[in-house]
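*Asks:* Chains as they are written, first to last, in our numbering: chain W, 1 to 453; chain H, 1 to 453.
Rather than coming from a laboratory, the hints here were simulated on the basis of the structure. Please note that a few of the clues may not be correct.
[Stated by the list, open to error] Derived lysine to aspartate or glutamate pairs resembling DMTMM-like cross-links, with alpha carbons at most 25 Å apart: (1) 47/W <-> 162/H; (2) 47/H <-> 145/W; (3) 47/H <-> 199/W.
2 protein chains.
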Amino acid sequence: MRRMSSSTRPGASSARPHIVIIGCGFGGLEATRALQRAQVDITVIEKTNHHLFQPLLYQVATAGLAAPSIAAPVRVLFRNYPNVTTLLGEVSGVDPDERMVRLNDGSQIGYDHLIVAAGATHSYFGRDEWAANAPGLKTLADAFDIRRRVLLSFEAAERESDPLRRRAKLTFAVIGAGPTGVEMAGTMAEIARHTLQGEFRHIDPGSAEVLLIEGGGRVLQAMPEVLSQKALVQLQKLGVEVRLNSRVTGIDATGLTTQLADGSTQRIDSHCIVWAAGVAASPLGRMLGEATGAEVDRAGRVKVEPDLSLPGHPEISVVGDLAAAMSHAPGKEPRPVPGVSPGAKQMGRAAAANILARIAGRATQPFRYSDYGNLATIGRNSAVVDLTTPFGHVRMSGRIAWQFWLFAHVYFLIGFRNRLVVLMDWASAYWSFQRYARVVPDLPAGVPPETKG
Amino acid sequence: MRRMSSSTRPGASSARPHIVIIGCGFGGLEATRALQRAQVDITVIEKTNHHLFQPLLYQVATAGLAAPSIAAPVRVLFRNYPNVTTLLGEVSGVDPDERMVRLNDGSQIGYDHLIVAAGATHSYFGRDEWAANAPGLKTLADAFDIRRRVLLSFEAAERESDPLRRRAKLTFAVIGAGPTGVEMAGTMAEIARHTLQGEFRHIDPGSAEVLLIEGGGRVLQAMPEVLSQKALVQLQKLGVEVRLNSRVTGIDATGLTTQLADGSTQRIDSHCIVWAAGVAASPLGRMLGEATGAEVDRAGRVKVEPDLSLPGHPEISVVGDLAAAMSHAPGKEPRPVPGVSPGAKQMGRAAAANILARIAGRATQPFRYSDYGNLATIGRNSAVVDLTTPFGHVRMSGRIAWQFWLFAHVYFLIGFRNRLVVLMDWASAYWSFQRYARVVPDLPAGVPPETKG
């Protein structure tokens, strides 16, 4: 790495602009692709070795898909882009004056233009101690952790003779009824009601309770109210018990406490809690804010100019979940860009185009988000879709929405092979009610103490 | 678990014999299958939640297959056997007088007949401190560990500016040239020469050295000498440097030391070492020996009677890698059963049949091993096969042997879906030279310190 300091970075001799891209999620990947044929040198810094197709991460967590089906090695993605250098490493800071990115191994790398696409992580609203007993779902490691907890909770229940403790081990709680919470709860209910049927001798997995706990008054708040209502009915039909207006006030190794709107509190004994309530931008957002003076919102997202660059730092762009960006449609009020993958992809492409404009001495363009709508899956044959078309909204729910969701997601998966395998896995899961990836690799170390007995 | 002590174990009321099977590898699985329709109750105790198809584990370690492709959940395998209870747990001991199996959570379970099929683990010949820097390959967790080390060693080399340190990070050492060592070395050479080509900007992955270090005078010592010779040539053609008559005398975080036949020593700097040299029986072997007085050999295997039961304890059978068993063909000298999966499977079936014979008051049969030969894969289009047929030996090597090996392994994989996916993965790897499962889930924690810089 030392040889990659600004003086000797790749491309320095060719005098081509050097663009550094931090993160290879949807935003970083699209930005890199948009720059692949430009006369620039690109360095992509990513802290894992893969691009993750996050919309299907819940399927890895619920044992429906193997990890490699939704993760593509970054080096393979960029193998045919000779102007792209991939760097496996974690960014510890940015020095805007020196135009340097610092990595946590102490090395640094210079840039002419910087795209920060470091994404988001889960937030416990200042209660980080909850993380140990209520993992969130952002990375493959998270997904494996949740898969282990879900499957081993049933195993622990099978071995538990005390009825109360057995009931707690058959109680699964998902906190937060956004898209991730809804699909996790729906799929966990499907596992309990269908996948595991007939496999245990001392418990009935179908008697498991799957709770979806939401502080607000409806599920899928980003959706139109009529679709929230339909999603609620579908969740209940799948066997999920939805508790609205329930604020979580405590989480420990044996359960959680909620507070209802009337101030009363409730204790729920559970050994498997999934956190799907809070999302916060990568800590890099606040670092950038401090270093450049850019404003950072409550969720840690950096407020960007209409062209996605930072105020006073046109050479730095922020895209994706890390950006508090607005969509600027001609003749309309600017509107916030939602934190969804099409938003990140479009921002990545727009930031790349604006950098090329700057290099060419042209004016940059304000970002405009093309909203194709919103969709969320719930479980077997269950989804809600709110499509935005030039002729207005098209709303679907139930089986047809689920099929639409499925093909849309498979279509956007990276790689022909992955699409085929995911479709096969889904077809086989659909017909057999089985789930392919029910493997817990490192059992002894991974068993939480309270499920061991 | 407490309710499963001998007085209340499942089947106690029906007065059907209770058979406990420890382990669900090839031996335990076949024994359970052989007993599925018998008038007995069976409890299978397995410490992971899956049956592992170990012959393809090296493919998970070398990123060719996803873990779920070679692992089937134990509960799914036995779902349709109502007389089988599956117990996820680890056995800590056996009490032959009380006829009790003790689990490490303190609970115990009674048996009328016991089949111990706990398998083998890797052995460092008393040098357990080597394990940290030279992992073996027995479990999925091992495979993930090795996958991470192999892939991250190339990443560390890409970031290393010092030529000597870079060379060490591009040196891969496999210790032991048995079947596992040969296939690991061959596949690692393929990854370096083909899979990673064109993906790095500062190193040529093809310049990596893959060393196969063997204490004996030839590779694949269980094979006829002519096939060892052919395997050696194939390994060298794939780019593996084979070092015979090299005894490993030290392993640390930065490399290993070998001693040649002439007493001279050699230092090899390497950050990725795989241990494929020693196999030892599960510690349960010695425990059983102490508890029953049965003889235990140097490798920790329990010497069994011709019918696979323990001397003085006809109600306990030992099968698979844990048993030092002999094959008793009529009119021939007894011969040791090799530690291969067909041996374990046949022993599992034989032990089950002998238990049913005992229950019915019939005489037990001595075990006879049907030897169909021996096969080992080396890498792309490379394998050696030594088939035993009624008309003598059929020996193959190269592409035809590889095709034979491939279809034999896919045929014995569990589940139609797995066969299809594995074939697809192989077809795609074969044509594209790519490997599907190049995903390292938990990077930051997993990076060994010496590859971080």
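*Asks:* Please go over all the hints and tell whether each is borne out by the structure.
*Replies:* For each hint, the structure was consulted:
A distance of roughly 22 Å separates the Cα atoms of residue 47/W and residue 162/H; the hinted pair therefore holds under the 25 Å criterion. Distance hint between residue 47/H and residue 145/W is fulfilled; the C-alpha atoms sit about 18 Å from each other, no more than 25 Å. Among the hinted pairs, residue 47/H with residue 199/W is consistent with the structure: their alpha-carbon atoms are about 17 Å apart, no more than 25 Å.
Checked against the numbered hints above, the structure violates none of them.
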